[in-house]
Amino acid sequence: MDLGRERPQVPARARNLSPIVPRASIAGRALVAVVAIMTFLASITTGTVLLISASAAEWQSEVASEITIQVRPAPARDIDRDTAAVTEAMRAQSGIIEIRPFTKDESAKLLEPWLGSGLSLDELPVPRVIVARVQPGTTLDLAALRRRVSAVSPSASVDDHRAWIERMRSMTGATVIAGIGILALVIVATIISVSFATRGAMAANRPIVEVLHFVGAGDRYIANRFLRHFLRLGLQGGVTGGGIAMLMFGFSESIAGWFSGTPVGDQFVALLGTFSLRPSGYLVLAAQAVLIAAITAWASRRTLFATLDDIE
Amino acid sequence: MVRFENVGLRYGLGPEILRDLNFLIPAHSFQFLTGPSGAGKTSLLRLLFLSLRPTRGLVNLFGHDVSLLGKDEIADLRKRIGIVLQDFRLLDHMTTYENVALPFRVMGREESSYRKEVIDLLKWVGLGERMDALPPILSGGEKQRAAIARAVISRPHLLLADEPTGNVDPTLGRRLLRLFIELNKSGTAVIIATHDITLMDQYEARRLVLHQGRLHIYE
Numbered sequence: 002m003d004l005g006r007e008r009p010q011v012p013a014r015a016r017n018l019s020p021i022v023p024r025a026s027i028a029g030r031a032l033v034a035v036v037a038i039m040t041f042l043a044s045i046t047t048g049t050v051l052l053i054s055a056s057a058a059e060w061q062s063e064v065a066s067e068i069t070i071q072v073r074p075a076p077a078r079d080i081d082r083d084t085a086a087v088t089e090a091m092r093a094q095s096g097i098i099e100i101r102p103f104t105k106d107e108s109a110k111l112l113e114p115w116l117g118s119g120l121s122l123d124e125l126p127v128p129r130v131i132v133a134r135v136q137p138g139t140t141l142d143l144a145a146l147r148r149r150v151s152a153v154s155p156s157a158s159v160d161d162h163r164a165w166i167e168r169m170r171s172m173t174g175a176t177v178i179a180g181i182g183i184l185a186l187v188i189v190a191t192i193i194s195v196s197f198a199t200r201g202a203m204a205a206n207r208p209i210v211e212v213l214h215f216v217g218a219g220d221r222y223i224a225n226r227f228l229r230h231f232l233r234l235g236l237q238g239g240v241t242g243g244g245i246a247m248l249m250f251g252f253s254e255s256i257a258g259w260f261s262g263t264p265v266g267d268q269f270v271a272l273l274g275t276f277s278l279r280p281s282g283y284l285v286l287a288a289q290a291v292l293i294a295a296i297t298a299w300a301s302r303r304t305l306f307a308t309l310d311d312i313e
Numbered sequence: 004m005v006r007f008e009n010v011g012l013r014y015g016l017g018p019e020i021l022r023d024l025n026f027l028i029p030a031h032s033f034q035f036l037t038g039p040s041g042a043g044k045t046s047l048l049r050l051l052f053l054s055l056r057p058t059r060g061l062v063n064l065f066g067h068d069v070s071l072l073g074k075d076e077i078a079d080l081r082k083r084i085g086i087v088l089q090d091f092r093l094l095d096h097m098t099t100y101e102n103v104a105l106p107f108r109v110m111g112r113e114e115s116s117y118r119k120e121v122i123d124l125l126k127w128v129g130l131g132e133r134m135d136a137l138p139p140i141l142s143g144g145e146k147q148r149a150a151i152a153r154a155v156i157s158r159p160h161l162l163l164a165d166e167p168t169g170n171v172d173p174t175l176g177r178r179l180l181r182l183f184i185e186l187n188k189s190g191t192a193v194i195i196a197t198h199d200i201t202l203m204d205q206y207e208a209r210r211l212v213l214h215q216g217r218l219h220i221y222e
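Protein sequences, first through last, are from chains S and A. Count along the first sequence from 1, add 1, and you get the number used in the numbering used here. Count along the second sequence from 1, add 3, and you get the number used in the numbering used here.
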């Protein structure tokens, strides 16, 4: 039965169907920018924490494999003889693979930056330093070593840098905790921004949601229509922010090169080496960008279901 | 198919606008719902469509007590109900064809499986040449026909229509009524809310009359 008037036949053809939720109805550009900025900040934080941890681990392993003995000048003692005696005592200690006593001239060189050149150590009570390298993996009996050293030179002291390493360890720990704190704040800010954006999109598309409810669409179906937009926006933001951060680390050596020779540049190089990350660091940053995109999608989904409950 | 027992409805703390509604809507039945403006016709349709919950009483739809249904179950039941609202509720970014095909799309059907059906129905309601037009450029009558086509396309078990001929001329009104009658003959229970006496006089059917919140049934 055809109740219609006579009309030209329209051929049944495949149609490109419009998306149920139009892309333009979601204020995407602002959200992409927010996610990109958040990912960038998170990447810079993570990258810096990785750099500091790697540098600190390097220093610690270098320092932990050394012990330093100071032989101080004492009345009625010959410091050269004491130094030689301590060196001999150290040689007898198992687990020590290399001993390097600093000569008088070398000690003067160490003090040159503070006291100037042409220094005569005979006029100053400057201690003599002996550096010993410990076989990696060996645990030295420091108490016995101290006793042995004191027996040959009462004014000598043994320093295994433990206090320094502890300070270093706590500094690195504090940096990592601060980094995790910043990451947590960035993630919370991302979730809040995405929730606001989702609410805005839902408010703008409320008539569409109502019609979808009328035709029997469940919340899951409706949420998925929105979710694919937010996942795309999250990925765009994540890739942009993470990509810029990775490029920054990639070009860090060149950037650090611009400052070389300046006091600031030299301090940074001394502290962190260069800004270049290891390949595993880049993988961490890429994973983080994907994680932030996933968080965007999750936050959006959570808000979608909460908002759908309020729409008839 | 639908059973109301002692159903009452009030909005917030206001007075009860529907009181002690007791009626049955049998499968394959046809009825007009009428009454003066503000009598609660639209509210009753919304109760039937599960977009409102009664303040008291029992509403049983397709064998389910609606007070016990979750959101997903309500969505499933709504797939068996077609509704035409006074404000049409077409999606402005979709063509007439896409609006009418929306129930199939939500069911997850392939476009090729329903294309012919949608085109045939659009021709039937006189929108054959307007299927690629967007709703903002359709006239009021065309929007109404598109909304009706969307409501009937999936051959629902229950069709609810709120003033479905309010924006069309008498000739087209008669044609739309014939569409509802044909749909009813093919098995759909139909409830048409209207205060258009001329429309009701064209077809002998049960009349549900709402007056001061109460329902009077004329078989």
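Hints are computed from structural coordinates only; laboratory data are not their basis. Glycine residues also receive a C-beta, built at the ideal position from the N, C-alpha and C atoms. Don't take each hint at face value.
As the list claims (entries may be wrong) - Now the stretches of chain A that chain S is said to cover, found in silico as 3 or more residues with beta-carbon under 8 Å:
hint : region
1    : 7-18
2    : 91-99
3    : 106-113
Taking beta carbons only, do three or more residues of the region 91-99 of chain A come closer than 8 Å to chain S? With 6 residues in contact (Cβ-Cβ under 8 Å with chain S), the coverage given for the region 91-99 of chain A holds.
Quick check: the region 7-18 of chain A, covered by chain S? Criterion 3+ residues, Cβ under 8 Å. violated (count 0)
If you look at each residue in the region 106-113 of chain A, do at least three have a Cβ nearer than 8 Å to any Cβ of chain S? holds (count 4)
When each numbered hint is compared with the structure, a violation occurs for hint 1 only.
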